[in-house]
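Novice: Residues 1 to 186 in our numbering are what the sequence shown lists, from first letter to last.
A portion of the hints provided could be inaccurate.
As the list claims (entries may be wrong) - Straight line, CA to CA, 27 angstroms or less: simulated DSSO-like cross-link-like pairs of lysine-lysine:
(1) Lys67 to Lys7
(2) Lys122 to Lys76
(3) Lys67 to Lys29
(4) Lys55 to Lys29
Bear in mind the hints are in silico, worked out from the structure with no lab data behind them.
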Amino acid sequence: METSEEKAIKECQNGNVEAFGALYDEYIKKIYDFVYYKTMHKETAEDIVSLVFTKALEKIDKHDSNKGSFNSWIYKIARNTVIDHYRTQKKDKDIDDVWDLSGDEDVERDTDNKAELEKVEKYLKTITSDQRDIIVMRLWQGMSHAEIAEVLNKSESAVKVAYSRSMKDLRKNVDVLVALMLLLSR
(Lines of atoms letter the chains of each structure in order from A; the text may use other names.)
(Lines give C-alpha, C1' and ligand atoms only; values in the text may rest on other atoms or scores of the structure.)
Protein backbone atom coordinates (compact mmCIF):
# COMPACT_ATOMS: atom_id res chain seq x y z
CA MET A 1 0.00 0.00 0.00
CA GLU A 2 1.25 3.45 -0.91
CA THR A 3 2.21 5.83 1.92
CA SER A 4 1.16 9.48 1.97
CA GLU A 5 4.80 10.40 1.31
CA GLU A 6 4.96 8.19 -1.79
CA LYS A 7 1.63 9.61 -2.96
CA ALA A 8 2.89 13.19 -2.54
CA ILE A 9 6.07 12.36 -4.46
CA LYS A 10 4.11 10.83 -7.34
CA GLU A 11 1.74 13.80 -7.44
CA CYS A 12 4.71 16.18 -7.61
CA GLN A 13 6.29 14.11 -10.35
CA ASN A 14 3.02 14.34 -12.27
CA GLY A 15 3.04 18.13 -12.10
CA ASN A 16 1.09 18.86 -8.92
CA VAL A 17 3.71 20.98 -7.13
CA GLU A 18 1.23 21.82 -4.35
CA ALA A 19 1.64 18.23 -3.11
CA PHE A 20 5.22 19.16 -2.24
CA GLY A 21 3.80 21.03 0.76
CA ALA A 22 3.23 17.75 2.60
CA LEU A 23 6.86 16.75 2.05
CA TYR A 24 8.04 20.18 3.11
CA ASP A 25 5.97 20.01 6.30
CA GLU A 26 7.31 16.54 7.11
CA TYR A 27 11.00 17.39 6.59
CA ILE A 28 11.50 21.11 7.26
CA LYS A 29 12.42 20.78 10.94
CA LYS A 30 14.64 17.73 10.39
CA ILE A 31 16.55 19.36 7.53
CA TYR A 32 16.79 22.70 9.33
CA ASP A 33 18.23 21.00 12.42
CA PHE A 34 20.71 19.05 10.31
CA VAL A 35 21.89 22.17 8.48
CA TYR A 36 21.96 24.26 11.65
CA TYR A 37 24.22 21.73 13.39
CA LYS A 38 26.54 21.94 10.39
CA THR A 39 26.66 25.75 10.34
CA MET A 40 25.73 26.84 13.88
CA HIS A 41 24.34 30.04 12.40
CA LYS A 42 20.59 30.70 12.16
CA GLU A 43 20.49 32.87 9.04
CA THR A 44 22.96 30.71 7.13
CA ALA A 45 20.95 27.60 8.01
CA GLU A 46 17.72 29.27 6.87
CA ASP A 47 19.29 30.27 3.54
CA ILE A 48 20.69 26.79 2.93
CA VAL A 49 17.44 25.06 3.89
CA SER A 50 15.59 27.27 1.45
CA LEU A 51 18.00 26.15 -1.28
CA VAL A 52 17.61 22.50 -0.26
CA PHE A 53 13.84 22.55 -0.68
CA THR A 54 14.08 24.54 -3.91
CA LYS A 55 16.50 21.95 -5.32
CA ALA A 56 14.32 19.10 -4.07
CA LEU A 57 11.25 20.54 -5.77
CA GLU A 58 13.15 21.20 -9.00
CA LYS A 59 14.58 17.66 -9.02
CA ILE A 60 11.59 15.75 -7.62
CA ASP A 61 11.09 14.07 -11.00
CA LYS A 62 14.53 12.47 -10.63
CA HIS A 63 13.71 10.85 -7.27
CA ASP A 64 13.37 7.08 -7.66
CA SER A 65 12.02 5.26 -4.61
CA ASN A 66 13.54 2.03 -5.97
CA LYS A 67 17.00 3.56 -5.51
CA GLY A 68 16.41 4.91 -2.00
CA SER A 69 14.04 6.61 0.36
CA PHE A 70 12.95 10.22 0.07
CA ASN A 71 14.44 10.76 3.53
CA SER A 72 17.92 9.77 2.36
CA TRP A 73 17.50 11.64 -0.92
CA ILE A 74 16.66 14.96 0.74
CA TYR A 75 19.44 14.55 3.31
CA LYS A 76 21.89 14.03 0.43
CA ILE A 77 20.65 17.25 -1.13
CA ALA A 78 21.05 19.03 2.22
CA ARG A 79 24.55 17.65 2.78
CA ASN A 80 25.66 18.58 -0.73
CA THR A 81 24.16 22.07 -0.41
CA VAL A 82 26.10 22.63 2.82
CA ILE A 83 29.27 21.45 1.08
CA ASP A 84 28.57 23.79 -1.85
CA HIS A 85 28.05 26.65 0.61
CA TYR A 86 31.46 26.05 2.17
CA ARG A 87 33.12 25.72 -1.22
CA THR A 88 31.90 29.16 -2.19
CA GLN A 89 32.37 30.81 1.21
CA LYS A 90 35.55 29.20 2.52
CA LYS A 91 37.79 28.74 -0.50
CA ASP A 92 40.90 28.69 1.66
CA LYS A 93 39.78 25.70 3.77
CA ASP A 94 39.52 21.99 3.02
CA ILE A 95 35.81 21.17 2.91
CA ASP A 96 36.27 17.92 4.87
CA ASP A 97 37.86 19.83 7.73
CA VAL A 98 35.28 22.59 7.97
CA TRP A 99 32.89 22.72 10.90
CA ASP A 100 31.67 26.27 10.68
CA LEU A 101 31.75 27.51 14.23
CA SER A 102 31.07 31.15 13.77
CA GLY A 103 32.23 33.69 16.29
CA ASP A 104 29.95 34.55 19.17
CA GLU A 105 28.87 37.74 17.42
CA ASP A 106 27.20 35.65 14.69
CA VAL A 107 25.58 32.97 16.83
CA GLU A 108 22.30 33.39 18.61
CA ARG A 109 22.50 31.07 21.57
CA ASP A 110 20.75 30.70 24.79
CA THR A 111 23.16 31.57 27.59
CA ASP A 112 22.22 28.31 29.32
CA ASN A 113 23.42 26.33 26.29
CA LYS A 114 26.56 28.32 25.50
CA ALA A 115 29.00 26.39 27.69
CA GLU A 116 27.57 23.03 26.64
CA LEU A 117 27.67 23.99 22.97
CA GLU A 118 31.28 25.11 23.25
CA LYS A 119 32.29 21.72 24.71
CA VAL A 120 30.46 19.87 21.96
CA GLU A 121 31.84 22.20 19.26
CA LYS A 122 35.38 21.69 20.56
CA TYR A 123 34.96 17.93 20.34
CA LEU A 124 33.32 18.11 16.91
CA LYS A 125 36.30 20.07 15.58
CA THR A 126 38.52 17.07 16.38
CA ILE A 127 36.65 14.51 14.29
CA THR A 128 36.18 14.06 10.55
CA SER A 129 33.34 15.51 8.53
CA ASP A 130 31.78 12.07 8.07
CA GLN A 131 31.97 11.35 11.81
CA ARG A 132 30.23 14.67 12.53
CA ASP A 133 27.52 13.86 10.01
CA ILE A 134 27.01 10.42 11.53
CA ILE A 135 26.72 11.84 15.05
CA VAL A 136 24.31 14.59 13.99
CA MET A 137 22.14 12.27 11.89
CA ARG A 138 22.10 9.51 14.51
CA LEU A 139 21.69 11.54 17.70
CA TRP A 140 19.91 14.71 16.61
CA GLN A 141 17.96 13.40 13.65
CA GLY A 142 17.26 9.90 14.96
CA MET A 143 18.20 8.27 11.67
CA SER A 144 19.01 4.57 11.49
CA HIS A 145 22.47 3.32 10.57
CA ALA A 146 21.03 2.12 7.24
CA GLU A 147 19.59 5.57 6.42
CA ILE A 148 22.88 7.27 7.31
CA ALA A 149 24.79 4.77 5.17
CA GLU A 150 22.52 5.60 2.24
CA VAL A 151 23.04 9.36 2.66
CA LEU A 152 26.82 9.04 2.98
CA ASN A 153 27.19 6.33 0.31
CA LYS A 154 28.87 4.02 2.81
CA SER A 155 28.14 0.54 4.02
CA GLU A 156 25.93 0.18 7.06
CA SER A 157 28.74 -1.61 8.91
CA ALA A 158 31.15 1.29 8.20
CA VAL A 159 28.62 3.72 9.67
CA LYS A 160 28.12 1.52 12.74
CA VAL A 161 31.87 1.30 13.33
CA ALA A 162 32.39 5.07 12.89
CA TYR A 163 29.49 5.82 15.23
CA SER A 164 30.72 3.34 17.81
CA ARG A 165 34.24 4.77 17.75
CA SER A 166 32.95 8.32 18.03
CA MET A 167 30.76 7.44 21.00
CA LYS A 168 33.67 5.60 22.64
CA ASP A 169 35.78 8.75 22.27
CA LEU A 170 32.91 10.82 23.65
CA ARG A 171 32.63 8.57 26.70
CA LYS A 172 36.33 9.17 27.44
CA ASN A 173 35.58 12.87 27.60
CA VAL A 174 32.72 12.85 30.10
CA ASP A 175 32.29 16.65 29.98
CA VAL A 176 31.49 16.57 26.26
CA LEU A 177 29.19 13.57 26.66
CA VAL A 178 27.27 15.30 29.46
CA ALA A 179 26.99 18.47 27.37
CA LEU A 180 25.79 16.48 24.38
CA MET A 181 23.17 14.70 26.46
CA LEU A 182 21.98 18.03 27.91
CA LEU A 183 21.54 19.42 24.41
CA LEU A 184 19.70 16.33 23.23
CA SER A 185 17.28 16.49 26.14
CA ARG A 186 16.12 20.04 25.29
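Novice: Sort out whether Lys7 lies within 27 angstroms of Lys67, counting only the CA atoms.
Specialist: 17 angstroms, holds
Novice: Given the hinted pair Lys67 and Lys29, is their alpha-carbon gap at most 27 angstroms?
Specialist: 24 angstroms, holds
Novice: For the pair supplied as a hint, Lys122 and Lys76, confirm whether the alpha-carbon distance does not exceed 27 angstroms.
Specialist: Roughly 25 angstroms separates the two Cα atoms, so the pair holds.
Novice: What's the verdict on Lys55 and Lys29, does the C-alpha distance respect the 27 angstroms limit or exceed it?
Specialist: 17 angstroms, holds
Comparing the model with each earlier hint shows no violations; every hint is respected.
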